[in-house]
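Full structure from sequences and hints, please.
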Amino acid sequence: MLRLEARATASPAMRYVSPLIAIVLTLVTGAALFALLGKDPGEGLRLFLLSPLKDLYGISELLLKATPLMLCALGLAIGFRANVWNIGAEGQFLLGAVGASGVALYFQDSDSALVLPAMVLAGAAAGAGWAAIPAWLRTRYEASEILVSLMLVYIAQLFVSWLVFGPWKDPQGFNFPQSAMFGDHALLPPLIEGTRLHVGLLFALSALVAGHVLMNRSYLGFRLQVAGEAPAAARYAGFSRARAVWIGLLAGGATAGLAGMGEVAGPLGQLTDKVGSGYGFAAIIVAFVGRLHAVGIALASLLMALLYIGGEQVQQYMNLPNSIALVFQGLLLFFLLGADVLIHYRLRLGRRTG
Amino acid sequence: MDGATLAPILFATVVAGTPLVLVALGLLVNERAGILNLGAEGMMAVGAVAAFVATHASGSAALGVGAGMLAGAALALLFGLLVITLQANQVASGLALAIFGVGLAAFAGKPYESLALPAVPPIRIPFLADLPLIGEAFYNQQALVYLSWALFWCIVWFLYRSRPGLVLRAVGESPAVAHAIGHPVQRVRYLAVVFGGAMAGLGGAFLSVFHTPMWVEGMVAGRGWIALALVVFASWRPLRVLLGAYLFGGVMVTQLFIQGSGLQIDFPSQLLSSLPYWATIVVLVAISRNRATARLHAPLSLGKPYRPER
Numbered sequence: 001m002l003r004l005e006a007r008a009t010a011s012p013a014m015r016y017v018s019p020l021i022a023i024v025l026t027l028v029t030g031a032a033l034f035a036l037l038g039k040d041p042g043e044g045l046r047l048f049l050l051s052p053l054k055d056l057y058g059i060s061e062l063l064l065k066a067t068p069l070m071l072c073a074l075g076l077a078i079g080f081r082a083n084v085w086n087i088g089a090e091g092q093f094l095l096g097a098v099g100a101s102g103v104a105l106y107f108q109d110s111d112s113a114l115v116l117p118a119m120v121l122a123g124a125a126a127g128a129g130w131a132a133i134p135a136w137l138r139t140r141y142e143a144s145e146i147l148v149s150l151m152l153v154y155i156a157q158l159f160v161s162w163l164v165f166g167p168w169k170d171p172q173g174f175n176f177p178q179s180a181m182f183g184d185h186a187l188l189p190p191l192i193e194g195t196r197l198h199v200g201l202l203f204a205l206s207a208l209v210a211g212h213v214l215m216n217r218s219y220l221g222f223r224l225q226v227a228g229e230a231p232a233a234a235r236y237a238g239f240s241r242a243r244a245v246w247i248g249l250l251a252g253g254a255t256a257g258l259a260g261m262g263e264v265a266g267p268l269g270q271l272t273d274k275v276g277s278g279y280g281f282a283a284i285i286v287a288f289v290g291r292l293h294a295v296g297i298a299l300a301s302l303l304m305a306l307l308y309i310g311g312e313q314v315q316q317y318m319n320l321p322n323s324i325a326l327v328f329q330g331l332l333l334f335f336l337l338g339a340d341v342l343i344h345y346r347l348r349l350g351r352r353t354g
Numbered sequence: 355m356d357g358a359t360l361a362p363i364l365f366a367t368v369v370a371g372t373p374l375v376l377v378a379l380g381l382l383v384n385e386r387a388g389i390l391n392l393g394a395e396g397m398m399a400v401g402a403v404a405a406f407v408a409t410h411a412s413g414s415a416a417l418g419v420g421a422g423m424l425a426g427a428a429l430a431l432l433f434g435l436l437v438i439t440l441q442a443n444q445v446a447s448g449l450a451l452a453i454f455g456v457g458l459a460a461f462a463g464k465p466y467e468s469l470a471l472p473a474v475p476p477i478r479i480p481f482l483a484d485l486p487l488i489g490e491a492f493y494n495q496q497a498l499v500y501l502s503w504a505l506f507w508c509i510v511w512f513l514y515r516s517r518p519g520l521v522l523r524a525v526g527e528s529p530a531v532a533h534a535i536g537h538p539v540q541r542v543r544y545l546a547v548v549f550g551g552a553m554a555g556l557g558g559a560f561l562s563v564f565h566t567p568m569w570v571e572g573m574v575a576g577r578g579w580i581a582l583a584l585v586v587f588a589s590w591r592p593l594r595v596l597l598g599a600y601l602f603g604g605v606m607v608t609q610l611f612i613q614g615s616g617l618q619i620d621f622p623s624q625l626l627s628s629l630p631y632w633a634t635i636v637v638l639v640a641i642s643r644n645r646a647t648a649r650l651h652a653p654l655s656l657g658k659p660y661r662p663e664r
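Here the protein sequences line up with chains A and B, keeping their order.
Using the numbering used here, read the first sequence as starting at 1 and increasing by one per residue.
Using the numbering used here, read the second sequence as starting at 355 and increasing by one per residue.
It is possible that some hints are incorrect.
Restraint ranges, calculated between C-beta atoms of paired labels, are given here [unchecked claim]:
| id | chain 1 | residue 1 | chain 2 | residue 2 | range |
| --- | --- | --- | --- | --- | --- |
| 1 | A | V295 | B | L435 | 22 to 32 Å |
| 2 | B | P465 | A | A32 | 16 to 26 Å |
| 3 | A | A233 | B | S412 | 31 to 41 Å |
| 4 | A | A32 | B | P486 | 28 to 38 Å |
| 5 | B | P659 | A | Y219 | 29 to 39 Å |
| 6 | A | L36 | B | H651 | 52 to 62 Å |
| 7 | A | P190 | B | G614 | 14 to 24 Å |
| 8 | B | L431 | A | S11 | 25 to 35 Å |
| 9 | A | Y219 | B | P465 | 35 to 45 Å |
Hints are computed from structural coordinates only; laboratory data are not their basis.
Since the model is a prediction, treat every value here as computed from it, not as a measurement.
Every residue gets a Cβ at the ideal spot worked out from N, C-alpha and C, and that includes glycine.
Rendered as structure tokens:
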């Protein structure tokens, strides 16, 4: 019989091996799922993992999808490290999209070069502002930031829906729930000509560098981590829990808002009621699979983006709903959390002794 | 407002509150054993799909309900394996369950999205249903509404009047002590988690088979999360869960009635629809701000992993 035996010290190697174990287990389960559905497992996995990478366009689409995931997950990781459970990145993403769209629509006819920077600021500020609600309610009234940030996701979705069905609906839009298309000066320029990949990727990469410095190289990051792992020690050292909550949530809100800005000013070019594609939730998985570390997050967001695109491929060629991507993503996190047991325990065969 | 307008509102309030009653009562037992399962939304969604598919295939709503409960319980078992046996972080695992469950439900339910089920007729209790105002609301309801009340009494009796209930509460307060005096902590926790999952599946089944006999992606619409908030709001006490669930049901239907009433109020329906979510936040704040009571009633070991030494 298998049993768990506590390790004397946590295994640092396992911290990095366990995501790989989780990926392998997800692929095995995925293959089994395809077989169960009467599809060829090899073909299914090929569609999922390889076909998105076959040409430059595919790779550009992969990076396009990974961009919002990187941004959201980075902000979440800063909070998670401090034990601040912001799970409303989806809502902050939507508010960021709204803030940026507001600027774009207000300056619809302007050709000023300042429109885009203003949209970046508005998006990040709107996301951070939305995250400030759970931060305030947490620090002032002890209300669970998990539940508050999550309720705000539903509220944000309804708010976006109201905007695009109501005041911001495109008068020439044939009654579709979407805003007018933004002017050219409100669109992020493409990074590679002929693809949809835009300079938002550069925002994400710089945010990753900044996040890495903050989390791993700065005194503030160190204190945030202490606040998360040993709140009593942090308090003794004069670093209040409230500050950790504020920083964690505002960072998450700002990056998610920036991601939302990137969507409306990038591939969409307008605000629609489909702007939130679950990136905010998928980013939770990215943050964990990436071990709350900037480099890990970069890799994990590529993997998750691959799953998204793979889901679309499977839908197109195998006639399966693309929500199969969500199943894979959920499985990945499950297996990761399960495999993490190996950090603190080792598996032993045989019955317990002594 | 007279009885003729109030009675349908009351009726709809009970209907809207019932899934919350079911799910939140399950979570209450779950949390009283010291395990916080944030995956309620996912378990509800999978329960709803399983119940819909089973009812659609068999024609029997009872079979559907059973399938929904089984599906919820199966997901909960997976969660239990993670947090009880493998000692995984409960918050992260619960989030994983929520994401996975919602995704699985969207995937499995896709082929059924355009189908509808025949409405299940309510069960009318003679004489009582003729009472003015409350008769229809409380005595001409779906079987699951009556079941939710029966379960409520069973849970109250179990938690406060039975020996296994005492053990469960002891496990939630202090697993180490419960273990030391010989109670099977891990087994109790597994049972509580699976019970919570079955109840969440039941709540999902109520939505897809009785409340609106169909399945659409996203139809659980945050009810699982609201149920989690309800348990905090109720400070882990069953009667308050029941009342709180109907209070929320009331908020949900009032906004619908305002939208449907044809009252010429100039307020956008989307913003009105966000009312229950705002209400959840307000109530959470109102309850949590009193730190002393919140801390007093929360099961002491809630969310903390425990592994018996031997």
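>> When the structure is checked against the list of hints, which entries are broken? Sort them ascending.
In response: 3, 4, 6, 7, 9
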